[in-house]
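Protein chains: 2
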Amino acid sequence: MKLKVNRDARTPIAQQIEAGIRTWIAAHGAGGGRRLPSIRRLAATHHISRNAVIDAYERLVAAGLVRSRPGSGFYVADSAAALVSQPAATSGLEEVTNGLWGLFSANEHTLKLGCGWLPSHWREGDDLIHAIRQVARKSRSGIFEYSTPQGPEELRRLIQERLRPLAINADAQQIVMTGGGSHSLDLLVRMLLEPGDVVFVESPGYYNLFGLLHLQRIRVIGVPRLADGPDIERLEALLAQYQPKLFYINSVFHNPTGSTLTPAIAHRVLQLAERHDFQIIEDDIYADFQHAPTTRLAALDGLNRVLYLGSFSKSLSSSLRVGFIASPPSLVQRLVDIKMLTSISASRFAEQVVTTMLQNGSYRKLTERLRTKLANQMALALSILKKSNWEVYTEPAGGMFVWAKPPATITPEALSELADRCEVMLSPGHLFFADHQPTPWLRLNVAYMQDPRAKAFIDAVREPTLP
Amino acid sequence: MKLKVNRDARTPIAQQIEAGIRTWIAAHGAGGGRRLPSIRRLAATHHISRNAVIDAYERLVAAGLVRSRPGSGFYVADSAAALVSQPAATSGLEEVTNGLWGLFSANEHTLKLGCGWLPSHWREGDDLIHAIRQVARKSRSGIFEYSTPQGPEELRRLIQERLRPLAINADAQQIVMTGGGSHSLDLLVRMLLEPGDVVFVESPGYYNLFGLLHLQRIRVIGVPRLADGPDIERLEALLAQYQPKLFYINSVFHNPTGSTLTPAIAHRVLQLAERHDFQIIEDDIYADFQHAPTTRLAALDGLNRVLYLGSFSKSLSSSLRVGFIASPPSLVQRLVDIKMLTSISASRFAEQVVTTMLQNGSYRKLTERLRTKLANQMALALSILKKSNWEVYTEPAGGMFVWAKPPATITPEALSELADRCEVMLSPGHLFFADHQPTPWLRLNVAYMQDPRAKAFIDAVREPTLP
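Protein chains in written order, with the working numbering: chain C, 2 to 468; chain W, 2 to 468.
Chain C with its partners taken away, still in its complex shape (with noise of 0.2 Å):
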């Protein structure tokens, strides 16, 4: 097998390897069973990096045109001849995990306006510093042991406080500390959810979760969100179709749209979820942006069928990895024993590091900035958009998300070309469909707007000089 690889390309050589193969699966005909040169071989005769052969190969078995026989190697798979004339589109899956992939992965020189996370600057590094050297001077068991599997009490009680202004009656037996709010989604997906069943989220959503449902197999439905919530006609709609378990929401400063839901719309939502038996599980984890707390899901139902997911990382740390369930007691001990099988614990030293920063007041104070912070942020991104003539879904009032869509006259490769030459990083908005359908909105963090590459990005956009 002998393939062409254009090293000056801007296609990745691994990409340029898989497709190469797949032309030659299709050319040498699809029957499985044929045998695949090894990784070794293919590397050597082409001088690429094992790495790009192993990438590619990857890929293919992802899409299921090749199989991997460990100890063995490669070899066309059965499926390969009803595969193989299709474009190398990639799976849901791999889609995400690509556009994640992304952001991870830029170099550091590019600016992430569209990621979902605050920039390193903005962050408060003293009272965190303060907090990590006290526990690493005054607890061994701090540093050194397990958690607890549900977590510490003292840690628990005290997010049982921080949920009191929410109107979140949660006791602290209640409460099941995790490792951020992916891992809470996975806890409560594996707990709640069999292969096959239906999942409703909100389209655009969270688009991570995507990937977590489809990775089990569950079936996703979008359900359109709109400025105050769901869109409860088409859920209507949907459920005389559907019969959900659970139904996906983020309450406040809505990931991508940075819309927030209303007490009418929350209380239609539960009203349903009544009539239809399911479950909700209501993604907070945005709360510590909020000035005036609003209504939560979990408030109105009292954490009866909703479970409420709040977290650390968008405030405090990304780095710590800590979070929370709360989560009606009856599902207590069935979420702590998986957590237990699959963790064993959470960091003790992250959690300790967290609790002492709720206990001297320091998280309070760090957020009350913050969230200042973030809605002049946000007041400003939106003058910026308007005067440019992009166009707003909705009008946050705080938090780091806005969701919006250039201005007609730019087609989207011209978009992407000119957000590369200006070292902007966007995130594709049809990752936040269920669906992955086409769209010309974009989710934008506006705490990156303040970068002359954002505001050179912006203006490029405004008055686009392509060549």
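Misleading hints may appear alongside valid ones.
Repeated chains share a single entry, so a pair holds when one copy, or any two copies, can fit it.
[Unchecked claim] As a list, the in silico DSSO-like pairs of lysine-lysine whose alpha-carbon atoms are at most 27 Å apart:
{"no.": "1", "residue 1": "Lys374", "residue 2": "Lys139"}
{"no.": "2", "residue 1": "Lys456", "residue 2": "Lys113"}
{"no.": "3", "residue 1": "Lys139", "residue 2": "Lys113"}
{"no.": "4", "residue 1": "Lys366", "residue 2": "Lys139"}
{"no.": "5", "residue 1": "Lys387", "residue 2": "Lys113"}
For the record, the hints were derived by calculation from the structure and aren't laboratory data. Bear in mind that the values here come from a model prediction, so they are computed numbers and not experimental data.
We have chain C; now place chain W onto it with these hints.
Relative to the frame of chain C, chain W by itself:
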């Protein structure tokens, strides 16, 4: 419903409630659908805590006798009729998690003689605290940002170096950082197995894994663990009967027997893996307790069929949650994708602390001291047990575990009574068997055997003076 509650009984209130509801269901007909009293009501009428009632209902739900309908309450399950006459046997999952729960919830004054980690006073703090302070002071990204999904390249490179003396040639690109050994196992189980698949485990073996496999609905078959590794004859017989996807093996200082795989057995296992086409998880989390490296499966196999696990939890800190998988190249991308979808990344802070200690040599020195101390302690423990007429399964050269059987003169009940009286907590031996068969063997952790309570217990077992 009026249940008998005896506050002075040794049986916990929750278990009394559970037994009472079982009796009630049996007496009042086990037809499905009957509504049971609410948590609040049962707690109020019996003057007991709501948690006790929640716990009781949760056990009944797990046992299939009761069904929980979120938002509505608890009902007799349809399956209750078939189950109600059975004793309150715990499910495999529950039994395992109860075993672990015991270790976590034991009061501080109990000596955890059967547990799987080092006592806090054995851990050395200075270098770790130094590394924590250094990362906190020097690295903004370390305290704030997500790690990359695969983990920092520098850390993976350092681990690559550490694997070299074991003759394991893993490229840094083949290493995936995880949140510890249990998290590694969970990622692998999810990637490699489907419900209904057969997995071979060592028996006795690591009981948390049995629970995890049970959770994922994997069929678990135990292969006896002998002093030199898995029982090859029995393995061959089982391979004539089953087609396992995977065989899980602890090569060095096996949990719970303390035994170490010999090169000849390692070679035979790999031959059988080739012939019967199964993969192997080599769990080597006690590697750093070993003085002179012995043969690893991953070294013979070249990380082809073998997935190799390591961890810093046992040696450095269980709190930080840092472990890794060295994987065949073709599986790396998928593994990282699953990790990303289920947790985004591990803790960057913890990863940087470990990186610092690997770089400055303090981790190497710490493990050198630790392994000498453990080897001495093992020798001491073996001599104490011998003198006290305990039988030892095999004499480990180091590590934490010895698998030992008390003198036949003592009954299991008396042993348990003496342990309670001496404030010693044991790990019941049957948990370590895949089929939970009763056994007089116990796992003892030699690092706890210096404690006067351990000595008092061993003495008391030798000359029991029970009332």
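Alpha-carbon proximity context of Lys374 and Lys139, limit 27 Å: So Lys374 and Lys139 pass the 27 Å test across copies only (26 Å; inside, 33 Å).
Copy assignment of Lys366 with Lys139, given that the CA separation must stay at most 27 Å: For Lys366 and Lys139, both the intra-copy (23 Å) and inter-copy (24 Å) Cα distances are at most 27 Å.
Homomeric proximity label, Lys139 with Lys113: Cα distance no greater than 27 Å: between (38 Å within a copy, 23 Å between copies)
Homomeric proximity label, Lys456 with Lys113: Cα distance no greater than 27 Å: Close inside one copy (13 Å), not across copies (60 Å); limit 27 Å.
Homo-oligomer pair classification [Lys113, Lys387; C-alpha up to 27 Å]: Answer is within: at 21 Å inside a copy they meet the 27 Å cutoff, but 64 Å across does not.
Hint compliance for this structure: no hint is broken.
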